[in-house]
Amino acid sequence: MTRAYVSGDMASVALGADEVAAALAARGVEVVRTGSRGLFSIEPLIEIDTAEGRIAYGPVEANEIDAVLDGTHASRIGRIEDHPFFAPQQRFTFARCGVIDPLSLDDYAAHGGWQALDKARALTPQAVVDEVKASGLRGRGGAGFPTGIKWQTVLDTRSPEKFIVCNADEGDSGTFADRMLMEGDPFCLIEGMAIAAHAVGAGHGFIYIRSEYPFAIRVMQAAITRAAPRIAPFALEVRVGAGAYVCGEETALLDSIEGKRGQVRAKPPLPAIEGLFGRPTVINNVLSLAAVPFIVAEGAQAYQAVGFGRSRGTMPIQLAGNVRNGGLFEAGFGITLGELVNDIGGGTETGRPVKAVQVGGPLGAYFPPAMFDLPFDYEAFAAAGGLIGHAGITVFDDTVDMAHMARFAMEFCAHESCGKCTPCRIGAVRGMETIDRIVGGGRQPGGLEAMPQMRNAAARPRDRAAEIALLRDLCDTMKFGSLCALGGFTPYPVLSALDHFPQDFDQPATAQAAE
Amino acid sequence: MTPNETAPPDTAYADAATRLLRGRPATRDALLPLLHALQDEFGYIADAMIPVVAAALNLSRADVHGVVTFYHDFRRAPAGAHVVRLCRAESCQARGAATIERIATQRLGVTMGATSADGRVTVEPVYCLGLCATGPNALVDGRPVSRLDAAKLERIAAEVLA
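From first to last, the protein sequence lines are chains V and Z.
Residue 170 in my numbering sits at position 170 of the first sequence, with consecutive numbering throughout.
Residue 147 in my numbering sits at position 147 of the second sequence, with consecutive numbering throughout.
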């Protein structure tokens with residue numbers, strides 16, 4: 001019987017993979033549902049088991065199955081490993097994603113699964129922490145804090161109870177690596193968490209998944225049930241978010257698991273010392289924890305050997321938005337933004353010139369093509385006034401109005417602010433208003449200034465330059481005065497739009513287009 | 001028809017809360033899972049549920065109210081028979097989500113965030129479904145749809161307005 005592989009990833013299903021799988025099954029083909037390989041311009045993708053290996057066809061419609069089965073379909077790709085999008089990748093974390101049946105323990109074990117856990121459990125906790133430290137792994141959620149140091153703090157803190165928490169509240173637009181990994185290789189995350197538990201002495205773990213990821217929730221829950229005997233005595237459970245972006249912030253996430261409003265905590269105390277339920281807690285992003293099995297199995301040196309500067313190992317980079325070859329590209333740090341957007345991404349899908357890319361989600365900076373020689377590296381991006389964040393790159397063509405995007409950043413912050421600190425809660429609203437006035441050309445003194453109580457209010461009109469100065473001042477307050485990255489980083493998209501695309505603020509985009 | 005006429009009596013909520021909490025300690029951290037489960041069962045978090053949940057978990061009503069109103073997912077009123085969630089985040093914007101939103105709300109005859117007068121359909125914003133390379137995206141009654149265009153919207157409209 002012919003065997004075919006079709007992705008069951010949420011993005012593949014959104015493009016029609018279920019219909020394709022059903023059509024294959026109707027012809028008597030044995031269909032294995034996998035995760036996604038990670039290139040969405042070729043989805044829905046079918047891989048057929050043949051003597052020469054897995055031969056891929058994509059994109060394929062459900063009514064084109066016969067041409068795939070007789071090998072005549074025009075979208076024949078050949079072996080995925082040889083495809084130009086996949087050949088240059090270094091898949092450490094995503095090695096199994098798209099290859100195996102995500103819920104098959106046999107598949108996982110046959111592809112190197114559990115080796116790292118067995119190896120780690122034969123070592124002392126300190127030896128495991130040392131290995132993670134030596135790998136140079138830094139938090140993949142965005143902050144880039146060394147994972148091994150965090151684990152050391154939890155290991156060194158004495159407590160009758162410790163926790164491992166996985167932050168799978170991947171709310172940044174332009175990012176989907178956490179989702180793909182949980183749907184395509186859930187045991188890898190479970191193994192990483194079990195290793196962390198051994199390394200710090202934790203007995204219980206939580207995976208906090210956003211409710212917008214119903215597929216990931218389902219796959220993770222099923223995987224935990226199947227893996228429970230393998231990871232015992234460590235126990236894991238899934239907690240489902242409830243639509244609050246700010247719960248991706250680690251302390252808000254902990255409060256949310258505790259059943260509270262997802263409000264940010266002041267630090268210190270660090271979660272590593274007083275985290276979930278007041279206990280020492282390792283809280284790491286999905287990608288950080290999922291990198292651990294490779295590090296332990298292959299050795300820190302193998303991971304550390306790849307990278308750039310102080311950014312070691314690989315980063316699963318996500319190409320998103322208006323890009324021709326959108327998807328997941330795992331590569332060592334150091335690759336430039338231009339290589340990613342133009343060479344690998346293939347430019348915009350609309351075929352128009354790239355005007356801007358936003359790196360790192362709604363809180364990341366917008367960069368113009370003039371800065372495309374930036375290497376993908378935590379320090380290089382910070383020096384350029386931006387951040388890598390969760391390594392999502394959203395591409396925009398020349399029809400985008402950057403003043404609108406700057407306003408959207410403030411609007412999003414206002415919508416999602418947890419309300420605990422003033423710079424974020426009030427600043428985001430004032431930011432929207434100020435951008436509106438910049439675009440509108442300034443402000444005349446209105447009724448408010450004329451009131452007798454407003455003795456100190458400026459009575460003269462504010463021109464655009466004065467409004468821009470006000471916005472910069474406000475961004476300064478938000479950046480340094482906010483409790484967490486939501487208010488603190490919203491100035492990145494706003495100021496980068498203002499700095500790199502000032503013309504969009506001078507004149508509405510509609511007027512520019514009319515010229 | 002007011003919500004009160006259709007709402008089950010409080011004992012139904014209390015019974016449900018007891019049943020949904022079975023097998024787990026009635027501690028504060030059960031609050032979000034319980035609210036999710038109640039919403040799955042009844043479609044929304046009714047005002048009358050709040051004292052029931054508070055009593056079940058030994059919390060104040062204000063505490064429960066605070067949590068319910070904090071999270072965007074919890075509805076305070078029933079949704080339409082069909083729920084269309086349209087992504088509004090940056091990656092979908094870069095791929096024309098604003099146009100799709102305009103066409104969709106017009107075709108379905110409902111403004112963003114509202115339920116149609118006949119109760120057939122609710123259209124809501126969502127900020128990222130993680131399908132960012134193939135937008136504009138939507139969740140139609142929980143089913144993901146990518147690369148939304150006028151033709152796909154027409155099929156969705158035919159389905160939810162049928």
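There's no promise every hint is true.
To be verified - Residues from chain Z that face chain V, not an exhaustive set, calculated with beta carbons under 7 Å:
id : residue
1  : S60
2  : A62
3  : R76
4  : R95
5  : T99
6  : G130
7  : T134
What the hints assert, rightly or not - Just so you have them, the derived chain Z footprint on chain V, three or more residues with Cβ under 8 Å:
id : stretch
8  : 109 to 117
9  : 148 to 162
10 : 253 to 261
11 : 331 to 344
12 : 470 to 479
Hints were generated in silico from the structure; no laboratory data involved.
Quick reminder that beta carbons are idealized off the backbone N, C-alpha and C, glycines included.
Cross-check of the supplied hints:
no., hint, result
1, S60, "13 Å, violated"
2, A62, "11 Å, violated"
3, R76, "13 Å, violated"
4, R95, "5 Å, holds"
5, T99, "11 Å, violated"
6, G130, "4 Å, holds"
7, T134, "5 Å, holds"
8, 109 to 117, "violated (count 0)"
9, 148 to 162, "violated (count 0)"
10, 253 to 261, "holds (count 6)"
11, 331 to 344, "violated (count 0)"
12, 470 to 479, "violated (count 0)"
Checked against the numbered hints above, the structure violates hints 1, 2, 3, 5, 8, 9, 11 and 12; every other hint is satisfied.
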